[in-house]
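Residue numbers (our numbering), protein chains in the order written: chain D, 1 to 221; chain B, 1 to 861.
Do not take every clue at face value.
Ranges between beta-carbon positions, derived for each pair [claimed, not checked]:
{"#": "1", "chain 1": "D", "residue 1": "S26", "chain 2": "B", "residue 2": "S390", "range": "43 to 49 Å"}
{"#": "2", "chain 1": "D", "residue 1": "K205", "chain 2": "B", "residue 2": "V837", "range": "55 to 61 Å"}
{"#": "3", "chain 1": "B", "residue 1": "N474", "chain 2": "D", "residue 2": "G42", "range": "14 to 20 Å"}
{"#": "4", "chain 1": "D", "residue 1": "K126", "chain 2": "B", "residue 2": "S797", "range": "35 to 41 Å"}
{"#": "5", "chain 1": "B", "residue 1": "S797", "chain 2": "D", "residue 2": "G42", "range": "47 to 53 Å"}
With the C-beta cut set under 8 Å, the calculated list includes, among others, these residues of chain B facing chain D [said to hold, decoys possible]:
{"#": "6", "residue": "P472"}
{"#": "7", "residue": "S827"}
{"#": "8", "residue": "P855"}
Simulated from the structure, these hints should not be mistaken for lab results. Every residue gets a Cβ at the ideal spot worked out from N, C-alpha and C, and that includes glycine.
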Amino acid sequence: MIIDIKNISKTYGKDKNELLVLQDLSLKVESPSSVAIIGKSGSGKSTFLSLGAGLDKPDSGSIVVNNKDITSLSESELATFRAKNIGIIFQQFHLMKNLTALENVLLPLEILKIENPLAKAKECLKKVGLEQRAAHFPHELSGGEKQRVAIARAIVTEPRVIFADEPSGNLDEETGREVMSLLFDLVKNVGTTMILVTHDIELSKRCDEIYQLKNHRLEKQ
Amino acid sequence: MKLILKIAFRELLNSKKFVWFFILNLSLGILGFLVLHSFKTSVNESLSLRSRTLLASDISVSSRKELSLEQVKIVDEKLTELSLKNPIKSFVSEVYSMGQNDKNKKSRLIQIKMISGNYPLYGEVTLKNQGNLTQQLRDKFESTPLVWASAELAHQLKVKVGDKLRLGDILFTVDDIVAEDTTSSSRGISLAPKLYVHHKFQKEMGLISQGSVANYTYQYKVQNSKDIDFKKLQTEILDLLDDPAFKVLLPENSSEQVGRVLNYLSDYLGLVSLVAIFLSAIGAAFLFQDFVFKKIVDIAILKSLGLSTQSIFKVFSLQLGTLGTIAVLISGAVGSIILPLGSQALSDVLKVPVSLYVSLESMAISLCIALLFTFLICYPIIQKLIGKKSSDLFGGEKNLKFEFNRLDFLKFLPLLIAIELVSIWQSHSVIIGSAFTLILILSSGLIFLIIPYVLALFQKFFLDRMNTFSKPFNIEFGVSMRFLIREKIPTTLTFLSISIGVMLLSIISQLEVSLNEELLDSKTKKPSLFMFDIQQEQRNELVSFAKEKNIPILNLTPMVRARISKINGKEFTREKDEGEFQTREDEQRIRFRNRGINLTYSNELNYTQTLTKGKPFDGKYTGTGEFEISLDQRYADRIKADIGTTLTFDVLGVEFKGIVTSLRKIKWTSFLPNFFITLQEGVVEDAPQSYLGAIDELDNQRQLEVQDLIVDKFPNISIINVSELLKKISGVFSSMSFAIKVMAYLCIFVGFFVVYAIIQNQLRKKQYDILLLKSFGMGPKNIVLIFAYKFIKIAVSATILGAGLSLVVGNLLSQVFFDGVWKVDFSYYLYLIIAVVLITFLLVLLNASGVYKKPIRSLLE
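Next comes chain D alone, as it looks inside the complex:
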């Protein structure tokens, strides 16, 4: 079992402004596999992703990733655990604009002090087909290329789980399809688990399992 989420709840705001987003939500994911989380806007998909990826903490319940309950970790322990075990792909790419494509991929490796970082970063860029664009800055890349760099950056540390937040949301249909194909292939080749948050039903069908976020809980489709 790579992910075991048990009865998590999350509420934002206080008193009159209190907003219940997730309630008693549970999910088990076996490794390696791909899971799609679908739902309407405002259903809590992003909240689920931020809790699952350890970017935020639930009000109650537990989240076990790779046999570690991340809700019990301190901030610094969580930061280290996340860097080693979790990769995140954002809808807005979030590349550092003053670093080249290669440096964007290289940075997480160096932070984790992984050996031969340069060779690994180059290899990863090659995997996403951007070895020729290694020295280019984000503003010199197209949207699709930026997302490929972001994918390379997410997989370069070989995390056990990848959380992807609408990775094709900011791309045109064709580019989106290409990027997603690449992502699915890489996930399969690397042997990692991917949690894909999307509202695209067609895209979700490419995953091994589909869950819909409805009434603050996940329902298997």
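Assemble the complex: chain D is given as a structure, and chain B must be docked to it using the hints.
Structure of chain B alone, referenced to chain D:
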């Protein structure tokens, strides 16, 4: 308009942190300005109140030569014609001479004021034992050789009431000590303590002979003074006398004279206050820019909803205006509390009655300047931003392409013009004001040229060779180098703000050190005593006496009194004092044109002089053609003369015409006899003349011995004790330094506020990068380190460059304004760099931890 008001104030209410910092920053700059403005106004007011008693009359006519009976008649008639009654008149002459205690033979230079009639016509001279001057006292004073000595003189000569005091050929009795004298100015430095004798004894004393520096004044009290236009009267009397050697003074001129030293101080402080307000305007601009960029999406929404660009511009202008007004009100309130507390302290330090308060006028001026500067810095940014398409703005700050092109920089031109005008207004000097602006433009230009080039070099030779972040030091250093080198515009702007701030602050510090050196100049050997009023016939006797008594006399120099009558054949007439605003250069020029001059002749240069233009004199004047003239270069500038200019001198009614063949630079702080005008030998040797001379360095005991020896032998020779004078100058200067230092510290404080504003602005722009680093597992310490490295690298190099620029500019300024006297206090720079590093680190820590606390889930928003 209602909508604009609503939007403007709602935004401000929703941005409390920004509002707080903006107001705090601007308030500090304005407070500095208010303190100085208040100081300036208070000094002027107190001088104006005292001016009538200082002049001791409604109007006075004075000159270095006595008015002829005809001239006195002209003035008397004019005043009688205006007031329909005879004016009350008093005649006063003044001379500096040595006085000797007859008992202990101690001698000192004394300012001898020879009075007559009902002096003073305004104000009071109060005696310690006999009180205010009565007719009975005046009659006694006129009939007997009595003196009223100042307390300082009594102390120096150890004389008390009843003791005998020799002045020239008469032995006077000390009748009383002056307890209070409203006619005494508070200039701080006077050459000698004062003493009163009756004018009747002037001739008998035999102190005033050819070449003596004496001053003669007719003072008038007019009966119906309220109905008279004194300004007009002043011009009419000047026209009637038709001689530039005469001065007609009104009470306000008296305060101008007295306040000249303080005027220079307040001009200088005016520029310092501009630095304070300019730095805070830079800080305010950074904060405001930050605020505006946060509102990008809101601007896009407003634009797409149909709000015009002008209306959005009005929103921002209204916000700036409101915040600026609040800052001025706060500064005014704080100033009103602290200034009165500082009045007494400053009065004690500056020896001038100072009553500090915040006037409505100074608040209005500071509001205008603060808003003008802030608005003109922000204007090009706001204008470019709101001119962008809504579609570009909707992407938010992160996706907005916002870079200034060369044309955009032209939009800062109004700012430069404003700085130039305000600087001239504050410094009362076109030269100093323009120099200040030029320094800002040139150094900014230099930084904008150099920094991007240096960054490109770093990219080529450093980053292009470093394949990983961890080399050559560590990952934090590697990331910080990439941020620094590749963010050219923010790096250059940060660099510019810090280095300009450091440069301006360091120039203040350097000017202070140089000004001190200029006055006290420790490097140049100085004489101990300076002699004047040496008569021509005494010259040889004095030289032999000095040889006999082993007195090291230096540079016995002849002095001839003259008047420039023509320049290039054109009458050299008096310039009238017209108009309200005069620069110091105007004042100086008018002053120089209106007075008689002393000149000398010599074919040699002494060691304090260097020729800067032209050639040395061509031997002795042969009597044919025009003789040669050498001028002090600054004097030449003031009378607008250069090589080839012909000058005609009037010496006792005889005219001599010569041509300027050289300009020389004179080290006036050497205290050796020097003159603005030196003629070729063989021209005025036959004219009546006296001599000036100096006596080389002696120890304190020997100084007093030599002084007494010379006065005993030559009672008419006056001696200034240079060492004592320097002590007095030093005392006054340390008071000035105190005021300057307080302002410099305030500037430094404001300067660091700018650094804070910059760091806050830059870190906010980097918040997504910080969140990403955090998501990669980087801890808070490492993240702080990245930005600490980055800003410390910028701050230290900007401080070094700013310090370097200040050394260059300080040196140039010292060449222009201080005769090249230039001294640097390097420990100041060391402290400055240490302070910059520490404070930058603290500011990064303070700001970065705030950004670090932001949750990573914001990346998903």
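Here's how the hints hold up against the structure:
1. Our hint of 43 to 49 Å for S26 (chain D) and S390 (chain B) holds, since their Cβ atoms are close to 45 Å apart.
2. For the hinted restraint 55 to 61 Å between K205 (chain D) and V837 (chain B), the CB-CB distance of approximately 59 Å keeps it satisfied.
3. N474 (chain B) and G42 (chain D) have their C-beta atoms about 44 Å apart, which leaves the hinted 14 to 20 Å range violated.
4. For the pair K126 (chain D) and S797 (chain B), the beta carbons lie near 39 Å from each other, so the given range of 35 to 41 Å is met.
5. The supplied range of 47 to 53 Å is met by S797 (chain B) and G42 (chain D), whose beta-carbon atoms lie about 50 Å from each other.
6. Interface restraint check: P472 (chain B) against chain D, minimum CB-CB distance 14 Å, threshold 8 Å, status violated.
7. Given the 8 Å rule on beta carbons, the hint for S827 (chain B) is violated: about 38 Å separates it from the nearest Cβ of chain D.
8. The criterion of a C-beta within 8 Å of any C-beta in chain D is met by P855 (chain B), whose closest approach is roughly 6 Å, and the hint holds.
In the structure shown, a violation is registered for the earlier hints numbered 3, 6 and 7, in ascending order.
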